[in-house]
Structures are given as C-alpha cells and as structure tokens.
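If you read the protein sequences in the order shown, they are chains A and B.
At position 25 of the first sequence (counting the first as 1) the number is 25 in the numbering used here, and the numbers step up by one without a gap.
At position 334 of the second sequence (counting the first as 1) the number is 334 in the numbering used here, and the numbers step up by one without a gap.
No lab work stands behind these hints, which were simulated from the structure alone.
Mixed in with the good hints, there may be bad ones.
Listed next, with one range per pair, are the computed distances between beta-carbon atoms [as the list claims (entries may be wrong)]:
#, chain 1, residue 1, chain 2, residue 2, range
1, A, G238, B, D164, 54 to 60 Å
2, A, P138, B, D332, 54 to 60 Å
3, A, D171, B, D164, 55 to 61 Å
4, B, D332, A, A234, 40 to 46 Å
5, A, R277, B, S99, 16 to 22 Å
6, A, P179, B, D164, 19 to 25 Å
7, A, P179, B, R138, 41 to 47 Å
8, B, D389, A, A109, 50 to 56 Å
9, B, D258, A, A231, 45 to 51 Å
10, B, D317, A, V352, 37 to 43 Å
Backbone N, C-alpha and C fix where the C-beta goes; we use that ideal spot for every residue, glycine too.
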Amino acid sequence: MDRVHRVLLPAIAGAACALAACSGDAGGGLAVQVGRARCGEGWGSARAGARTLLVHNGDSAPVDVTVVDPSRGTVFAELEGVGPGTTRPLRVGLGAGTYAIGCRPADGAAVTGPRVRVSGPGGGARGVRPLTRNDLDPAVRVYRARIVAGLGTLVRRTDALRDAVRSGDLDAARDAWLPAHLAYARLGAAYGAFGDRGDAIDGRPAGLPDGVRDPGFRGFHRVERGLWHGASAASLRGPADRLAADVRALRDGFPRAQIDAGDLGLRAHEILEDALRFELTGATDQGSGTTLATVAANVDGTRMVLAPLRPLLADRLPELPSIDAGLACASRLLRAQYRHGRWTPLDRLGTVERERLNGAIGELVERLASVATVATVRRTP
Amino acid sequence: MTAAAGPGRRTFLRGALAAGVAGTVGRATPAPASRFHGVHQAGILDAPRPRAMLAAFDVIAATRAELTDLFRAVTGRARALTGGGAPPEVGVAGPPPDSGVLGPDVPAGGLTVTAAVGASLFDDRFGLASLRPARLTRMRTFPNDDLDPSWCHGDLLLGFAAPDEDTVLHALRDVCRHTRGAMQVRWRIGGFTSRPRPAGASRNLMGFKDGVANPDVTRAAVRDRLVWAARDGSEPGWTAGGTYQVVRLIRMLVEFWDRIALTEQERIFGRARDTGAPLDGTHETDVPRYSADPIGEVIPLTSHIRLANPRVPETEDSRVLRRAWNYDRGTDGAGNLDMGLLFTCFQQDPKRQFEAVQERLKDEPLTDYISPFGGGYFFALPGVVNASDHLGRALLA
Numbered sequence: 001m002d003r004v005h006r007v008l009l010p011a012i013a014g015a016a017c018a019l020a021a022c023s024g025d026a027g028g029g030l031a032v033q034v035g036r037a038r039c040g041e042g043w044g045s046a047r048a049g050a051r052t053l054l055v056h057n058g059d060s061a062p063v064d065v066t067v068v069d070p071s072r073g074t075v076f077a078e079l080e081g082v083g084p085g086t087t088r089p090l091r092v093g094l095g096a097g098t099y100a101i102g103c104r105p106a107d108g109a110a111v112t113g114p115r116v117r118v119s120g121p122g123g124g125a126r127g128v129r130p131l132t133r134n135d136l137d138p139a140v141r142v143y144r145a146r147i148v149a150g151l152g153t154l155v156r157r158t159d160a161l162r163d164a165v166r167s168g169d170l171d172a173a174r175d176a177w178l179p180a181h182l183a184y185a186r187l188g189a190a191y192g193a194f195g196d197r198g199d200a201i202d203g204r205p206a207g208l209p210d211g212v213r214d215p216g217f218r219g220f221h222r223v224e225r226g227l228w229h230g231a232s233a234a235s236l237r238g239p240a241d242r243l244a245a246d247v248r249a250l251r252d253g254f255p256r257a258q259i260d261a262g263d264l265g266l267r268a269h270e271i272l273e274d275a276l277r278f279e280l281t282g283a284t285d286q287g288s289g290t291t292l293a294t295v296a297a298n299v300d301g302t303r304m305v306l307a308p309l310r311p312l313l314a315d316r317l318p319e320l321p322s323i324d325a326g327l328a329c330a331s332r333l334l335r336a337q338y339r340h341g342r343w344t345p346l347d348r349l350g351t352v353e354r355e356r357l358n359g360a361i362g363e364l365v366e367r368l369a370s371v372a373t374v375a376t377v378r379r380t381p
Numbered sequence: 001m002t003a004a005a006g007p008g009r010r011t012f013l014r015g016a017l018a019a020g021v022a023g024t025v026g027r028a029t030p031a032p033a034s035r036f037h038g039v040h041q042a043g044i045l046d047a048p049r050p051r052a053m054l055a056a057f058d059v060i061a062a063t064r065a066e067l068t069d070l071f072r073a074v075t076g077r078a079r080a081l082t083g084g085g086a087p088p089e090v091g092v093a094g095p096p097p098d099s100g101v102l103g104p105d106v107p108a109g110g111l112t113v114t115a116a117v118g119a120s121l122f123d124d125r126f127g128l129a130s131l132r133p134a135r136l137t138r139m140r141t142f143p144n145d146d147l148d149p150s151w152c153h154g155d156l157l158l159g160f161a162a163p164d165e166d167t168v169l170h171a172l173r174d175v176c177r178h179t180r181g182a183m184q185v186r187w188r189i190g191g192f193t194s195r196p197r198p199a200g201a202s203r204n205l206m207g208f209k210d211g212v213a214n215p216d217v218t219r220a221a222v223r224d225r226l227v228w229a230a231r232d233g234s235e236p237g238w239t240a241g242g243t244y245q246v247v248r249l250i251r252m253l254v255e256f257w258d259r260i261a262l263t264e265q266e267r268i269f270g271r272a273r274d275t276g277a278p279l280d281g282t283h284e285t286d287v288p289r290y291s292a293d294p295i296g297e298v299i300p301l302t303s304h305i306r307l308a309n310p311r312v313p314e315t316e317d318s319r320v321l322r323r324a325w326n327y328d329r330g331t332d333g334a335g336n337l338d339m340g341l342l343f344t345c346f347q348q349d350p351k352r353q354f355e356a357v358q359e360r361l362k363d364e365p366l367t368d369y370i371s372p373f374g375g376g377y378f379f380a381l382p383g384v385v386n387a388s389d390h391l392g393r394a395l396l397a
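If we strip away everything but chain B, and leave its shape as in the complex, we get:
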C-alpha cells in the first residue's frame, strides 16, 4: 500500500507510535495476570462467554512485511485488551487513544480474542501458499445452504467473547482503529448465549437446549485426537497448537418453527424441549440408547441428534468441539424476524469431522426450518507464548 521504506511502510499501524507510549505509561502499574499467553489461544476450549462477536476481515496489506506488522498489531491490541489497564496518556498530542466505553481504567473484563486465518490468506499475495494448513480449504457449499457471498469466508477471523457486550464492542472498535489500513471488515455478527432456562445447557432460539453433548476436552487425549492440529507430520510445523475453526451462520425460520406441533419439533431434534433430555431419557445429560431403538421408534433415525452423533465407534472420530451463540439481526423483506445460530466448531480435520457430520445431516427434517447463509473455514492460530511472541510468528518467520 505504501512505499517499502521509512515510516510509510507501517502507515496502517496507527498504534505503532502510540504503542511506545503505551509500553511505558501503560505498564507503570502492573497489569493483572492475563490468560493471553499460552501454547493455545484462549476462546477455544473455554465455554462460550455470554457475548461474542465474530468479525471476518479481508487483509488489504500489500506485502508480507505489512502482513507481519498487522499480526503484530492485532497481537499487541489483544494482549492489552485482555490484560486490561489504564490506556496511555497522550496528552494533547492526539485524541484519546481509548474510546472510554469501559471507563478510564480499561478492565480486562473476561475478554478473549481468538484469531484464525482463512484459506484465502494462502493465495499468491504473501508467498504463503506452501505453508497452508494441509486441511484448510474454502468452505464448501452444502446442498441445504443458501449462501450469501458477502457473509462468507475472509482472510482473517477474529472472535471476541466476554461476559458483557460493551467489553466485546470496545475490543472490536479498538482493534479496527489500530488496523484500518491493513484490513477491513468483510462481515461481522454478534451473538449471545442464553442463561440456563431453567438449568443446564443454554437454549437456542428454537427453544431447544443446544450443545449438550460436547467431547470431554478436559481430557488431553480427547483434545489431541479431536481438536489440536495433527502432529503426525501431515501438517506444516508452524500449525502446532492451532486448530481448525468452522463457522456457520445459520438462520432459524423461527415463525415457521413456532407454528409446528411440539411433538414434531421434538422428533426433529430427538430431544424433549422442556428438559433437553433425549427422547428415551429423563435428564439432558442422559446418553441416548440407540441400540435399544434400532428403527427409531423413540428417537427417529432422521432426528438431528441421532444423525449428528450416532454414538457408534465409527463416528467417534468425527466429533467436533462445538461453540455456538444465538444471533439476532433484524427483519427480512417478508416481515420475518432474522435470528438464528452463530455456529462455530473446532476440530483437527474439517473434512473428517465437520463435513462428515454435515453430510450425515444432509436433508434432515430440520433443514426445512433453518437456512445457512454464511460462514467459512479458518485455522485458529497457535497461541502467543510470551510477551515477545506474536500471532502467526511461526507462519511468517
């Protein structure tokens, strides 16, 4: 975008100059311990926080050096935002460096920032083609999709999540402010999780408990088999500690849904609406006994939970770590409310896992009531291990 020499090269990094000040004044008081540093990024294994924003960006930086500066800038802002602390005092040299949305001493606010890259980043622009994660492709169009290209894909995906919406929006504004010249928002969508109603997993906007059966990622073996990038030599070395992130923006046709009988709703999901229990069980955590119901008299063979996770050894390997939020974004031309699910999942191999599940779900009865309109496939980068590390360092080294 600008000449390769002199200050112009980093012209998009509005924060680069201010960062010098931040680095001194901002640290005059020790920052509270941050979970930002680690082998893996935050916001992956963590249970979904109540508020989230997914923002996909197109990188407009022109060179690999500018791209590296962008990753440094995003890292710097994510580190500062997740750590909290008073923003630097710039005096009269410029407008206030912080929006003030969270008050004068910015609290960490339980924020996580999770960065992932899309397949398009590995095109011919930055010379990264040979480093593309082996299983990273552009998101397919599935038979039941109705994708809007302006809501799909992106070079970089940033996920912001926190207990409070102001924390999320403050972070989004801050990151955009510091990176305008290097990336532009392609699409973004906010989401929320509902508090337990009345207990257990949170409900989606169809009224059903969602994400009840996730793999147990407290077990390292499960994480290594289902979540983290393969370490068997099939992936480029820099991917260690990362994971594939699939995003699906799924509209729910809630008015239509509200007009169908409860029995039908429950047979479509395979769970009871009130309790979240599988239709052969009592509690939401009960494990469905499909072997006792081979022809689907209790839990239909075409029900969502049965297709998504048949609970047989052969499909164990296709389980994903699901992290979803509800979204609400206005009204369509026919006067119907546009709301639904901001579905994301993490996995070791999108083809073996997400796509396998998706293929099993093809033409399930639920597809009449939902309409996927956007999303993308991304690779969530390895974590930032310390203060001198930055997102994508091993990729761009």
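This is chain A alone, in the form it adopts within the complex:
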C-alpha cells in the first residue's frame, strides 16, 4: 500500500494534504505543513518505522526542514530549501519516542512544531546531535594551525628542490622531490581545497591539449616528469622556480583563505577519495614511482583532519573506532611497501598486496563518508 502512494506522489500531493489530516499516519504520505506560521501542522502521531512526510511549504520563503527530538535536539532527517508552494517527500525512520518538525525559513528565525508521540515496535534512524559553526570553529582553528605549520615545511622543502635543480645536481633534486611532494600531499588538498593554486602545484596534465608537453603543465608532476625522464637541469629550472613561487604564494595567501567549518568533514573522506581515484589508479605518477608514499601521506592528512574533529565525533559517530582501525590497517599496509629507503612502485605490487590496499582504502572511504554527513554545519532550530 505504501508503494502505491509513493508512486503516485506528485499527482496526488494536493489531495493527500487534505486526506492525511483526517486519516492520520496511514504510513503512505502524510501531509505536514512547514514554514513560519504552521510548522509541523498536520502531524499528530505516528507508529514507529519508516515513514514518508509530505512536507508542504505554504509560506513565501524557502524553508529548511528537520525532524528532531525536541528534548535532545538530535536530527533524524532533513530537507534543505523547500521552496514556497512546493511539496516534497521527506523519508524518515522513526523509533518510539518524541519528535517534532523544525522549520527554518530563509528569511527568519527557526520554529519548532508541536511534539509528536511515536510508538510501536519499529526501529528508526540514528539521531545525530547537530553541529553548529560555533561547535566546529575550534576544530577549524586547530586544523588551520596545522596547515600553517605544514605550509612552512612545504616551502622549505620546495626551496630545497628548487636549489638542487638550480645547482644542476639532479640526483640531489630527485632526492629532494619526494619530501617536498609529501609535505604537500600531507596537507590533504583534495578536490579543489586550495583552488587554482592547488592545480598549479599538484595538477596532472589531464585537460591540457598537449598533455605532458603542454606549457600549462606545471607543478610537482611537471618537475617529476623531467627528473625521471632525462630532462636537463637547465630545462627544469623554470618549472622548479615556478613551483617554489606557487608554493610560497599558497603559504602567503593562506591566512586570508577561508576554511568553511563544514569543509573539515568533507575533507575527511575526500582526501582518500582523491587517492583512490588519482593515486591508486596510477594516474598521477610521472616516473618517480612514489604513488604509495603519496597515499601514505594522504592517510596522514586524513588523520590530521580527524584529530581536531574527534571530540565532536566521539558521541556522534559510532563508526569512529572502526575508522581508526581502518586507518591503522591502511598505514600498516603502506609502510610495508617502504623497504631499504625505497617505496615499491604501484605497478610492482603483487595482486594480493594491491587488492588488500584497494580494499583497505575502499573500506575506509565508505566509513569516512559518514564523517561528512555528521560533521556538516547545521543551524539548529
């Protein structure tokens, strides 16, 4: 019966509003008003289990809608930006307890609707205590300080790389390349965290019409390409100078850069999503064969994001111990590929080692994905 209602949802939305008011929670779609004036109207009681609320915004401004436990403030479901005059389904898993609808109009203060008793044997979603910008600010400050320190290391090491190239000692330059690159990889600059500057420093030749020969190909991988493909010191001087300058500009500009409070949670899984997509596929390597070192640095970078979030996640994320176990496992597998001062190149990994690593990182990102949904900024009603 549920199914029939849901399939017909758009067509009967209007009718359902009228019907549901008298039929109570029939388990199909129950019409609930959201908005400043009538927040939560239409929802009186419910049986536990999976329910669909047809939230209707009769006001003139968009509304963010949540289903909350009004005494504890935990959030069970949310819908952002329900437009004026629109009806949208909000699916929620309700265990026995007391709930309310939270409405936050874009143009005004939040309102909490009437309390709703839910009873019955069904189980529900896990409520999450929302995090506000204020809650996350201390974590952002700690993270920012660590990035600042990391940028200092990065500048020093990139200067050393530049100096080695300038001196014409390419053995020394090859030795200096990895520490500098790892200093960057540890910053966890996944998915545009450092904007265009990040692409200049660590971009791949993808998207450039002439690939590795494109004048736009720059940064660590441009220098790597030359160092491991027999380029002359003279030809690498420009790219190494430019890299050092880009890194310096990143450091100098960073104090003015914004880190959004919600970015921390996103970065917690995006760093390793990035590693899975670009590193473990071999897409970034330009000859140094140090991909696994980069992944190990990405794991460190993930830890660096999680550390300041930890106090906030402790009672919000039951997966935290398994995330820690997963990080430890990934580190262990990666460290085993560093022998006698050398990292195993990705393509020399045996099938089993490769699969274990893919599995460990793959499993980790599955779990880390919840960090992002839990540690996002929520404005509580």
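Given chain A's structure and the hints, the job is docking chain B onto it.
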C-alpha cells in the same frame, strides 16, 4: 586485516552497523515472498535470465572469523536484494544506504544471486584445506585455450541474474559496497540472452541456437545424478545441496566467422542456422539420429553437437546443465569486435562431465573460430535454508 578484538574485526562490514537499522525499519512492511531460501541456491536450475553478471572475487579477509563475516554479509545483502523492499532510512547519520538505481523502494526485480567458491579458498589461509569439495580443482588449461590469468579463477564467484540490467548492476554495486574490505573483484563480465529469433532457444553471437539440448532437470533423478554434489560419501558432508560450476569465457571470432560459407558454419555446429534443427531434422527439438548416419555424411562426426553429446549410453553420464549468456566487451588491437559466450555449466563432477565433453571437443573445427580466455572451476554452495542460515555456514561451522 585488523585486530581480532573489538569493532575492528568487522571493519569491512560496512553493512554490519546499518544492518541493525535495516533489520528494523526495512521490515516495517512485510517483504514480498523471496525465493532466496531453499536447500539449493537460486540461479542454478532456473533458465538463464536475460541479463547476468559474473563477478569473481579474491578474498582479502585475513582470518576465518572475517571470512565467516564476509559470507554473512554476502548472504544478508543477497537476501535483502532478492527480497526487495525499501532500504533503511539512516537520516543524517550517513549517505543514503542504497544507490537509488532502482528507485526509492527497491524491487526484487526477479534477481537471483548465486555464490560459489573456488579451489583457492581451500588453501592454507583459512584452515579449510581438509574441507575442499573432493572434485574441486583449479581450472585446467585445455589445448585450445588462450587463457589470460587476470580473467581466470577466484576465491569466490557471485552470479547475479535478472530480467533487467539495472537490477543486476544495482545488486553488484550493493554487494561490493558492503564487502570492500573483505573481498575485491578479480574479474567480472556481463552477459545477456537474446530473445527467441524468431522462436525457440536463444541464439549465440555466431547466429546459432544455443543450449537446445539440456538434461531434463525437472526430473529429480536427473538432478541427483547429473547436478547435485554426490551423496555417496565421496564428498565432505557440508557440500550437500551444492553443485560444481564451471565458467568458461569464450571469445567468438565473429568477423572471421561471418566470412565463412553457411554450409561450413552448419557442418561445424551440426545444426541448421535458421531453424536450429540438427542437420538430419526439421525442428530444433528433433533428436539427431546418429546411428542412421554412422560415418557423418549428414551430421559430421567432428561437428560440435555430435562431439559434445554423442547421445550414446556411455556418454549420458557426462552431460552438463548448461547456462550461458552472450557477452560484448569492446574491441581488440586489430580492430576486431570482442564478443562471445559467457559459458557456465553445473554438474556433479567436473572431470566426469565438463572435462569429458571438453576432451571430446578437442581440436573440433569450431576451435578455429573461438578462443577461451578465462573462467574457472567453482563449487556453488548449498542453499540458505532460513533467515538465520548463511552461505557457507556448514563449511565454516
């Protein structure tokens, strides 16, 4: 992979936590009757569904306990997927637990999930060596093979089959999502069966009707003699209800094939291309009368159907239950289309059955036009009998 104690041990089971929610919310509405539970697994006796995916996995779980968790997880997902129903609502505690590919209320979609284990699972990793099914070996290399190791073998084989491709891919994604830390895809290949053209058995990509003559598994005696694991004491007890599954990934050199005369094509198979009838018959179901054609003037002695199944009492015991799909996977370096047959068969004894047939087919004329490049030997596990049972329970007990 992780410490043996605490939540870490099950770290790969992403679903383990969510399962608690699923177990409650997901069952708020009664699930439609599922064919998942039974003494035998689904997807064996069933006629091939139109779409299939065979995925071979390498198990990366480190301990027997983790392996057991993996089998539980696969069972749990297979049960949920084949039963259908709304996925659990996790709210803001995580991303949506379902990909949404099949819409909000996941339909069962006629899906079957069939799990089989390879000989490599019985190596020294999990202490299972003494429990290896007596007739389970690593797939041999046959004289006409051109095997690519990366397309062969595997610890675990999952077969997904359904009327629709989205159902199959949804299931594959779901299972992988819940088991990443415990197994990794070694190889996988999708296949399809063609609708009857114009009637009868479906055609392979050489244009011939395929799988016309299968043993009649509606008869229990046939199943017990040809399909299900032997119950004469020669097999470990846990194998009861299981069956051996042979997989052969066979490329068909379709361009070459298309350039040879129809008469030659028909003499290679022993059947007429248009009707599917044996060359001495009229209808595809006609039984060839080899005794009336002892020197192969009508149906050549080297034809595929005659070698595969000579229809004499001595070879009756070597018949297999054939379940095949066509595949299509791109283009080779010479510009030829890479397509062919995803051949699988179920049997009681791969040596007595599949290998005997294969040996009779050695150097048959058809081998010039096909090239087996992958596959493996597996043992399809006994069925999951009820909600508290799981795949491989008797093996891992």
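Hints versus structure:
no., hint, verdict
1, G238(A) x D164(B): 54 to 60 Å, "56 Å, holds"
2, P138(A) x D332(B): 54 to 60 Å, "59 Å, holds"
3, D171(A) x D164(B): 55 to 61 Å, "59 Å, holds"
4, D332(B) x A234(A): 40 to 46 Å, "44 Å, holds"
5, R277(A) x S99(B): 16 to 22 Å, "18 Å, holds"
6, P179(A) x D164(B): 19 to 25 Å, "53 Å, violated"
7, P179(A) x R138(B): 41 to 47 Å, "45 Å, holds"
8, D389(B) x A109(A): 50 to 56 Å, "55 Å, holds"
9, D258(B) x A231(A): 45 to 51 Å, "50 Å, holds"
10, D317(B) x V352(A): 37 to 43 Å, "39 Å, holds"
In summary, the structure is inconsistent with hint 6 from the numbered list given earlier, while agreeing with all the others.
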